[in-house]
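On the provided structure of chain U, position chain F as indicated by the hints.
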Amino acid sequence: MRSVFQRISIIPVLVVLLVIVSATAGHAQEPRIQMSHLDYLAAKATETVDVNIDERLVQIAIKVFSDKDPDEAQIKKLVAGLKGIYVKSFEFDADNQFSAADVDSIRNQLREPAWSRLVNVRSKRDSNVEVYVSLSGTSVNGLVVITSEARELTVVNIVGPVDLEKLAHLEGSLGIPDLGIEITKPKTKNEDQ
Amino acid sequence: MKHVTISKLIGFGLVILLTASLVNAKGDDFGSVVKMIEQFYNVKHEGIPFLAKAGMKVVGTAAKIKGGTAKRLAEVGSIKLAVFEDQEFDGDLIKFRNSLNEALKQSWIPLVQTLSATDEEQSYIFVREQGNKFNVLVINIAQHEGTVVQATLSSKNLALLMKDPEGAGKNITNEATIIDQE
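Order-wise, the sequence lines are chains U and F.
Residue numbering for the first sequence follows this note's numbering, beginning at 1 and increasing consecutively.
Residue numbering for the second sequence follows this note's numbering, beginning at 1 and increasing consecutively.
Warning: the hint list may mix true and false statements.
[As the list claims (entries may be wrong)] DSBU-like mimics (lysine-lysine), calculated; alpha carbons at most 35 angstroms apart, straight line:
| id | chain 1 | residue 1 | chain 2 | residue 2 |
| --- | --- | --- | --- | --- |
| 1 | U | Lys124 | F | Lys44 |
| 2 | U | Lys166 | F | Lys133 |
| 3 | U | Lys77 | F | Lys156 |
| 4 | U | Lys76 | F | Lys163 |
| 5 | U | Lys63 | F | Lys44 |
| 6 | U | Lys68 | F | Lys163 |
| 7 | U | Lys83 | F | Lys44 |
| 8 | U | Lys76 | F | Lys44 |
| 9 | F | Lys80 | U | Lys83 |
| 10 | U | Lys83 | F | Lys105 |
| 11 | F | Lys156 | U | Lys166 |
| 12 | U | Lys166 | F | Lys163 |
| 13 | U | Lys44 | F | Lys44 |
[To be verified] Partial list, computed: chain F residues near chain U (C-beta under 7 angstroms):
| id | residue |
| --- | --- |
| 14 | Gly31 |
| 15 | Asn42 |
| 16 | Val43 |
| 17 | Lys44 |
| 18 | Ile109 |
| 19 | Val112 |
| 20 | Thr152 |
| 21 | Ser155 |
| 22 | Met162 |
| 23 | Pro165 |
[As the list claims (entries may be wrong)] Simulated restraints, written as ranges between beta carbons of each label pair:
| id | chain 1 | residue 1 | chain 2 | residue 2 | range |
| --- | --- | --- | --- | --- | --- |
| 24 | F | Glu102 | U | Glu55 | 16 to 24 angstroms |
| 25 | U | Ala94 | F | Phe40 | 45 to 53 angstroms |
| 26 | U | Asp95 | F | Ser154 | 41 to 49 angstroms |
| 27 | U | Ser36 | F | Gln106 | 16 to 24 angstroms |
| 28 | F | Ser154 | U | Ala73 | 17 to 25 angstroms |
| 29 | U | Gln74 | F | Glu129 | 22 to 30 angstroms |
Just so you know, these hints were derived from the structure itself, not from any lab.
Glycine residues also receive a C-beta, built at the ideal position from the N, C-alpha and C atoms.
Chain U extracted, bound-state conformation (with noise of 0.2 angstroms):
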């Protein structure tokens, strides 16, 4: 006598439990963003800048940055574990040549649980800068910069373990744009009184 078990099909459970992976795995997707769609801007800007630095990059930037160069040596550091770093940067000759809804199109994709927006960050320049971080578990394998100006928009996006610290380091480097955020420290009462 078959035992229920084996009665059921082992065909649904099986596809049953390819969803379950499936979808898993697309919550838990690389935090790679999509900015292709800034492209447009392009056409007007007075400079774009675009930096894809994908992993193969990556691996060829630690087998060739020297241990020995103390600059190199940071750089290697920083950069060992990461699956890549991507720029778009764009700047203009004249105010609102971006929308707002060209910024939202990165927000939108920046949304919880998988993403949280740090709040103890400013920028050192008047530009409205947003910094977000993915999290797999406890510790962070993504980062979303968006700093926008009244003539300037930047999206830096890096994909592995980083943080704001580690791309502060990075900055100037590897194409990277100097973005100018500095960590506030959270206040206290005594100061918010």
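Frame of chain U, contents of chain F only:
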């Protein structure tokens, strides 16, 4: 027995043909890019015989490069250069960039690309591994002139390029176009 030998020969021939076409595809990207620029913008590059280099107009000077003194980055004899002078680069920047990226995506990795729609300037840096060395392809296009440079870099010099892509990219272009004083 005879059948096996013929099959082996055909197989061997196919492998050779395939290898040759792969090598050719990888090695001829420089020529393809030059041709692509010519077709897209309807321009013509100038052939630069080695000795004629001395009479060439220098685009920028190495002294302007960040850090002051020019540093030789490319391996000796590895530079391929195409220059476009007094041409009209009139066309859609974005369309060109997309076509270029599409054409090179199989064998080259894009590092940094900068565009200026207002100044009609574009620059592209692509990298690929070549054994224990690296090939770099630097393309600069302005309103009336352009350069395509392919060079081989050591890992040490690729590190310099990766640290400061814009500065080192300019350095490589200058190195290719500057009068060789040595």
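Hints the structure fails to honour: When the structure is compared with the hints, numbers 1, 5, 7, 8, 14, 15, 16, 17, 20 and 25 turn out to be violated.
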